[in-house]
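Q: Protein chains in written order, with my numbering: chain A, 135 to 735; chain B, 135 to 735.
Any given hint might turn out to be false.
A pair holds if it fits inside one copy or across any two, identical chains being indistinguishable in the list.
Below, computed lysine to aspartate or glutamate pairings styled on EDC-like, alpha-carbon distance capped at 20 Å [to be verified]: (1) Lys216 x Glu471; (2) Lys361 x Glu471; (3) Lys361 x Glu303; (4) Lys216 x Asp355; (5) Lys216 x Glu303; (6) Lys361 x Asp466; (7) Lys216 x Asp177; (8) Lys294 x Glu224; (9) Lys216 x Asp376; (10) Lys216 x Glu343; (11) Lys361 x Asp376; (12) Lys361 x Glu420.
Note that these hints are calculated values from the structure, not bench results.
Chain residues, written in single-letter form:
Protein chains: 2
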Amino acid sequence: MAGYQAPLPDIHFVLRELAGIDQVAQLPGYEEASVDVIEAILDEAAKFAAGVLAPLNRSGDREGIRWQDANGGSVTMPAGFKEAYAQFAEAGWNGLSCDQAFGGQGLPRLVGTVVQEMWMAANLSFSLCPLLTAGAIDALHLCGLPAQQACYLPNMVSGKWTGTMNITEPQAGSDLAAIRSRAVPQSDGTYHIFGQKIFITFGDHDMAENIVHLVLARTPDAPPGVKGISLFVVPKFLVNADGSLGARNDAYCVSIEHKLGIHACPTCVMTFGDAGQGAVGTLVGEENAGIRYMFIMMNAARFCVGLQGLGLSERVYQQALGFARERVQGRDIAGGENSVAIINHPDVRRMLMLMKSQTEAMRALAFVVAAAQDAALRHANADERHRKQSFVDLMTPIVKGWLSETCNEIAYLGVQVHGGMGFIEETGVAQYMRDARITTIYEGTTGIQAQDLIGRKVARDGGMAIRALFAEMRVCEAALRAISADDTFSAIAAALDQGITAAERAVDYIVSGYAENVRAAAAGSVPFLRLMGIVCGGWQMSRAALAAQLRIDSGNTDPFYPAKIVTARFYADHVLSAVEGLAHTVIHGGAGVLGLDEEQF
Amino acid sequence: MAGYQAPLPDIHFVLRELAGIDQVAQLPGYEEASVDVIEAILDEAAKFAAGVLAPLNRSGDREGIRWQDANGGSVTMPAGFKEAYAQFAEAGWNGLSCDQAFGGQGLPRLVGTVVQEMWMAANLSFSLCPLLTAGAIDALHLCGLPAQQACYLPNMVSGKWTGTMNITEPQAGSDLAAIRSRAVPQSDGTYHIFGQKIFITFGDHDMAENIVHLVLARTPDAPPGVKGISLFVVPKFLVNADGSLGARNDAYCVSIEHKLGIHACPTCVMTFGDAGQGAVGTLVGEENAGIRYMFIMMNAARFCVGLQGLGLSERVYQQALGFARERVQGRDIAGGENSVAIINHPDVRRMLMLMKSQTEAMRALAFVVAAAQDAALRHANADERHRKQSFVDLMTPIVKGWLSETCNEIAYLGVQVHGGMGFIEETGVAQYMRDARITTIYEGTTGIQAQDLIGRKVARDGGMAIRALFAEMRVCEAALRAISADDTFSAIAAALDQGITAAERAVDYIVSGYAENVRAAAAGSVPFLRLMGIVCGGWQMSRAALAAQLRIDSGNTDPFYPAKIVTARFYADHVLSAVEGLAHTVIHGGAGVLGLDEEQF
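Based on the sequences and whatever the hints tell you, model everything.
A: Below, the structure written as structure tokens:
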């Protein structure tokens with residue numbers, strides 16, 4: 135089984151040539167983050183991912199989580215996880231992008247994004263614990279009272295305590311309006327929380343001394359639906375005034391799920407207040423504003439699920455590539471007597487290129503969006519901040535939806551490259567396929583992302599933000615055409631042109647269709663999301679090819695650059711080639727989707 | 135968790151309207167198989183699948199296979215399998231399509247195909263045991279000596295004994311030339327077999343009193359490569375002259391694989407002759423002709439793996455549909471205050487239609503090919519037999535490759551329809567995704583199928599057989615256009631036209647490319663296979679829509695018929711719409727696939 139090495143050459147290329155790490159490092163507040171410092175941090179992260187986290191990935195999957203009916207229900211992590219987490223916190227990785235006021239390092243989100251790709255690639259189950267903690271930190275940071283921040287944030291930023299998001303209930307999955315958990319106000323200003331939550335990631339574990347639950351619940355007189363939901367902070371152990379741990383709160387993990395994948399991640403059923411008195415919590419921000427706060431975290435979480443897709447894809451690609459280089463089987467189709475490594479078979483090479491090209495396209499897109507997140511937060515110019523935020527908002531469902539769906543395709547191909555060995559669990563590649571399967575579901579299914587995309591992100595502004603994006607892509611297309619003497623660049627330009635044109639037609643349909651026949655527009659929403667992901671990836675691969683050509687023209691002989699151009703060409707002919715069909719499906723597919731009565735299924 | 139009900143309405147429709155069950159029943163040798171008799175058999179099979187096999191599917195997955203290091207290594211099946219197999223054999227299902235001379239019922243392959251869909255849908259792991267037995271029966275029937283047939287066939291046809299195919303070795307997967315197992319001739323005419331075989335399906339189990347292994351091995355002076363491989367029959371227990379069981383042969387299961395799926399199927403590592411004397415076997419047919427014999431079985435097995443894809447797809451569709459009808463979550467996107475079942479959400483409906491339409495297309499294609507197998511064997515006219523065999527040869531890699539790849543897509547969607555519940559093993563749908571994953575690998579990966587398709591089936595005859603197929607499809611397209619006043623039929627006709635045209639262009643490229651640049655042609659082989667599968671499925675869905683319209687025109691008011699037309703329309707706009715992109719990839723994709731040096735990956 136192959137290990138994992140962070141793909142530093144491609145990471146550095148994308149940071150410098152596509153995501154503008156220089157400009158990000160110059161944003162107000164990031165002055166300490168010089169490019170040199172950032173690159174040193176990334177080298178350290180790569181070592182930690184390869185040396186500490188990656189080796190626990192397979193053993194964690196095999197051993198899984200143990201739940202015991204002791205102390206009201208407690209969870210034991212697989213061997214090595216507790217020690218790895220201690221090292222992780224000790225090295226300061228948990229607070230990388232957190233506010234320096236609470237002990238964080240205040241580095242750009244772009245840097246946090248790159249490092250997260252590495253954690254997710256090395257050990258997806260492990261990475262979910264700091265990911266959920268980061269979401270809880272964001273919520274308390276943005277919406278918490280100063281007393282709550284002082285009580286919780288320093289220990290959460292240091293990694294001493296971890297955090298969770300308690301949203302889903304058995305009857306309330308995608309539909310948050312159906313949440314029923316109750317919060318009863320007490321005379322001392324606290325609330326007593328009652329209810330059951332399911333699918334709670336790292337709801338309990340033995341890696342940290344306290345767990346800070348953020349819980350959605352309803353106060354007694356709350357209006358129905360999503361407008362009557364409030365956010366509460368409910369610690370596993372109450373915190374005394376001096377910061378020491380007090381009584382065990384009535385928040386327990388009563389069982390864990392037996393899942394297809396991420397076996398080393400405890401997915402908990404949590405009960406609050408089951409002993410009768412209620413779990414003690416405090417209100418975060420304003421009453422009935424819980425959904426708004428949750429969506430701040432949710433958008434960050436959705437972007438991060440996209441990164442999980444990226445990390446998994448890189449990991450699977452590395453494993454498949456290693457196998458394809460070593461496994462000798464069959465002769466070269468063009469002739470020859472000797473058996474060859476299977477990387478020489480054109481179809482194996484095609485699968486590897488599908489994995490490689492889409493992984494690189496996803497990385498470029500994710501990092502460009504992360505850089506825009508930094509600019510949206512920190513840029514000196516308000517118009518620029520607004521322009522970048524609008525780009526980030528548009529891209530969030532695409533990054534979540536397209537990267538997660540594509541990583542499943544890549545994990546599937548990773549198994550296929552291994553042939554019969556891929557189906558044997560010992561090989562390790564099947565785990566990635568099992569792990570990947572959750573990414574299109576949690577933090578909002580692909581259908582939910584697509585609905586967000588066509589409704590809030592495209593139809594609501596009449597297509598303004600997305601057409602501004604197409605205008606940027608057209609600039610890139612023009613640059614490709616300027617190298618028209620070259621067959622490869624002509625082919626990439628033609629494919630990008632076809633992609634933008636197809637996407638423009640689909641947007642015209644969505645904008646008018648959303649008003650005229652919302653069901654028909656919604657029927658094409660997931661194909662539209664896929665179309666947009668492919669075109670955005672093609673735009674980034676085109677930019678990458680142009681940047682590579684500039685390096686070659688200036689005399690650089692690193693074989694990385696011609697490889698990038700070939701990879702962009704592959705993407706054009708094997709991935710972008712699907713755009714016309716997808717646009718057809720978006721525009722004409724509604725009749726078929728909606729034509730049957732329910733009984734006719 | 136949903137049960138399984140054989141989809142008899144669609145099965146009967148396809149048999150009557152598309153596969154020509156009447157003509158099959160009139161072929162010489164099938165006179166006893168009237169359509170009434172066949173329909174009664176199918177009703178019984180449906181009951182057996184739903185009542186006996188389907189309930190063991192989930193429990194078998196959970197319990198798995200037990201291997202014990204006793205008696206040289208022995209396998210215990212999950213609870214209930216032994217009893218179910220006894221009922222299966224007792225009811226005569228094992229010999230349905232076998233020769234009456236050996237106790238079979240001699241029914242058409244078309245009938246056996248339909249019944250196999252049911253077994254595979256109900257319980258894929260279970261179904262592999264009779265499937266492998268059928269392959270071994272075929273081999274002995276076609277190539278065995280009369281003494282071998284008399285010794286083995288009656289008990290194999292009755293199901294008292296089961297059979298296996300021992301092909302793969304650690305170094306010889308797709309590449310059979312690398313087989314090393316040895317067969318040493320003895321003075322009594324037997325051979326002593328030595329070697330290790332891996333991935334042997336039902337290599338050992340406790341459901342039958344004897345297991346008849348068909349084993350590929352080399353005789354001492356055999357030429358190297360595939361031309362030096364012979365086929366041997368090696369029983370688990372030697373058979374005495376009076377037919378009673380004799381000594382335990384030195385053929386043992388020394389371990390079983392821990393697999394991603396088909397947990398109730400023992401996948402065995404077999405050793406032959408490990409005790410030193412060799413396992414006793416006899417030569418089947420001629421020396422050094424083993425590969426040819428194996429390919430007779432292999433082609434039947436490949437078709438049957440396609441049927442596994444069909445069966446799994448139907449099963450997943452039924453489970454997803456049941457869940458989508460029951461799960462209430464969210465409001466209708468077009469407005470309304472009440473929560474609705476998720477089947478009302480357009481994207482859920484889109485996923486269900488992708489599952490339904492492709493499953494129906496696969497069924498129609500598989501049954502049409504099965505009917506052609508019967509005609510190729512039994513038709514009175516030699517030209518017609520030859521024409522049908524050429525169609526069957528062309529379609530075998532398409533049925534294997536396209537149905538198995540598509541069933542993985544459908545199982546993936548089945549999980550997605552379930553949302554978070556889909557990721558929980560208890561729900562049961564994740565099992566289908568795990569089980570499905572083997573189908574694109576065993577009996578030749580999709581890459582191997584695609585290489586067979588472009589080389590032996592398309593390039594070798596200069597595209598003659600495949601162009602004859604396109605001519606048949608054009609007849610169907612003309613019939614669609616004759617209903618030109620109807621929007622739906624116009625849309626289907628346009629999509630089919632586009633599909634045939636795209637496939638024709640791809641074939642022109644493959645035929646010339648195979649001679650000029652075989653690596654570039656091979657680089658597009660899997661996209662070409664997918665393109666052909668989609669177009670063949672579109673052809674069958676078009677025929678189905680035409681047949682349904684005829685029924686409607688003649689006054690039939692069964693809602694099945696308008697549903698079939700809508701389903702064909704969906705297939706046109708959501709599946710056939712991919713053809714142009716695939717043709718582009720086939721024709722222009724070689725440069726991207728082959729552009730990198732190995733070190734540049």
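Q: Next, verify each hint and record whether it holds.
A: Evaluation of the provided hints:
In the homo-oligomer, the alpha carbons of Lys216 and Glu471 never lie at most 20 Å apart, since the shortest distance is 53 Å inside one protomer and 47 Å across protomers. In this homomeric assembly, Lys361 and Glu471 come within 20 Å of each other (Cα to Cα) only across copies, at 14 Å, whereas the closest approach inside a single copy is 72 Å. With identical chains, the CA atoms of Lys361 and Glu303 are at most 20 Å apart within one copy only, with a shortest distance of 17 Å there and 63 Å across copies. Within a single copy, Lys216 and Asp355 get their C-alpha atoms no closer than 42 Å, and across copies no closer than 60 Å, so neither meets the 20 Å cut-off.
Neither within a single protomer nor between protomers do Lys216 and Glu303 lie at most 20 Å apart by alpha-carbon distance, with minima of 29 Å and 41 Å respectively. Taking identical chains as interchangeable, the C-alpha atoms of Lys361 and Asp466 lie at most 20 Å apart only when they sit on different chains, with a minimum of 18 Å there against 64 Å within one chain. When the C-alpha separation of Lys216 and Asp177 is checked against a cutoff of 20 Å, the pair qualifies neither within a copy, at 24 Å, nor between copies, at 57 Å. Taking the closest pair of Cα atoms, Lys294 and Glu224 come within 20 Å of each other only inside a single copy of the chain (9 Å); across copies the shortest separation is 65 Å, beyond that limit.
Taking the shortest Cα distances, Lys216 and Asp376 never come within 20 Å of each other, neither inside one copy (26 Å) nor across copies (66 Å). For the homomeric pair Lys216 and Glu343, the shortest alpha-carbon distance inside one copy (11 Å) is at most 20 Å, but the shortest distance between copies (51 Å) is not. Taking the shortest alpha-carbon separations for Lys361 and Asp376, neither the intra-copy value of 36 Å nor the inter-copy value of 83 Å comes in at or below 20 Å. Taking the shortest Cα distances, Lys361 and Glu420 sit within 20 Å of each other inside one copy (12 Å), while across copies they are farther apart (79 Å).
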